[in-house]
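*Asks:* Since chain A is already given, all that's left is putting chain B on it; use the hints.
Below, each chain spelled out in residue letters.
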Amino acid sequence: MKQQTTETARFGRITYTDGDLVSFDQGLVGFPGLSSFVFIQHKEGSPFRWMQSVDEADVAFLVVDPAHYVDGYAPEIAETSVESVGIVSETPRLVYTIVSIPPGKPEEMTLNLAGPIVVNLETGRAKQIVIEDECYPIRHRVFEKKQSEEAA
Amino acid sequence: MLVLTRKVNQSIVIGDDIEVVVLEVRGEQIRLGIKAPRDVVVHRKEIYDQIQEENKAASGVDPKDVPDSD
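Protein sequence lines, in the order shown, are assigned to chains A and B. At position 141 of the first sequence (counting the first as 1) the number is 141 in the working numbering, and the numbers step up by one without a gap. At position 22 of the second sequence (counting the first as 1) the number is 22 in the working numbering, and the numbers step up by one without a gap.
A couple of the hints might just be wrong.
Stated by the list, open to error - Within a straight-line C-alpha distance of at most 27 Å, the following computed DSS-like cross-link-like pairs (lysine-lysine) qualify:
1) B:K7 x B:K45
2) A:K43 x B:K56
3) B:K45 x B:K35
4) B:K7 x B:K35
5) A:K145 x B:K64
6) A:K146 x B:K56
Claimed, not checked - Chain A residues, not near chain B, derived (Cβ > 10 Å throughout):
7) Q4
8) T5
9) E7
10) A67
11) Y73
12) E90
13) T91
14) L94
Stated by the list, open to error - Output of the computed footprint for chain B on chain A, the stretches with three or more beta carbons under 8 Å from beta carbons of chain B:
15) 54-66
16) 74-88
If you're looking for bench data, these hints aren't it; they were derived computationally from the structure. A virtual CB, placed ideally from N, CA and C, is assigned to each residue, including glycine.
For reference, chain A alone in the conformation it holds in the complex (with noise of 0.2 Å):
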């Protein structure tokens, strides 16, 4: 497959093939121009990998896999909300969770467990699915809260 190449603001210059793009149809919530995304990992044996936006310079969600930090992260999610990304019950797929983490404060590192991104393993098309489900909040904080954080 013939290589591209594009820019980015976090990893310079970035080479990829077709094959490596994810397409997200409808964009991802709040973001629905951008459709093309590469995963890039992020260290050699970190949990972590990034999805850049290969439209947007400077857009890319770090994402990781739900199953690193949550035991039993198994949201129900409706056949017909990933149809449209041609996902049917045997369908290879992946589920990732997208991570923020407020500048400079990794201890205060959450994850979206509400809006997980599932992908078609078959085709590459993905979707953030939105979760209206309490028991998976927007943001879930993985590190405990230290003392003086508390305090404040």
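*Replies:* Here is chain B on its own, set in the frame of chain A:
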């Protein structure tokens, strides 16, 4: 904004294939039923807004802040 008055069990239709029914009115709460094609996504607006806000916040994470593998 179009404003319509409806009673319980009455509905409105949006386009050819979306119907919103008023199921129950109890004080300040209203229960709605929505009939829509399977590919039409329906969410409570505040949830959608929160996800949007969180996505915006998450789009600017600095690689320096990512924790090393535990």
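*Asks:* It remains to establish, for every hint, whether it holds in the given structure.
*Replies:* Hints, one by one, checked against the model:
no.	hint	verdict
1	B:K7 x B:K45	holds, 23 Å
2	A:K43 x B:K56	holds, 24 Å
3	B:K45 x B:K35	holds, 17 Å
4	B:K7 x B:K35	holds, 17 Å
5	A:K145 x B:K64	holds, 21 Å
6	A:K146 x B:K56	holds, 26 Å
7	Q4	holds, 22 Å
8	T5	holds, 20 Å
9	E7	holds, 16 Å
10	A67	holds, 14 Å
11	Y73	holds, 17 Å
12	E90	holds, 19 Å
13	T91	holds, 16 Å
14	L94	holds, 18 Å
15	54-66	holds (count 5)
16	74-88	holds (count 4)
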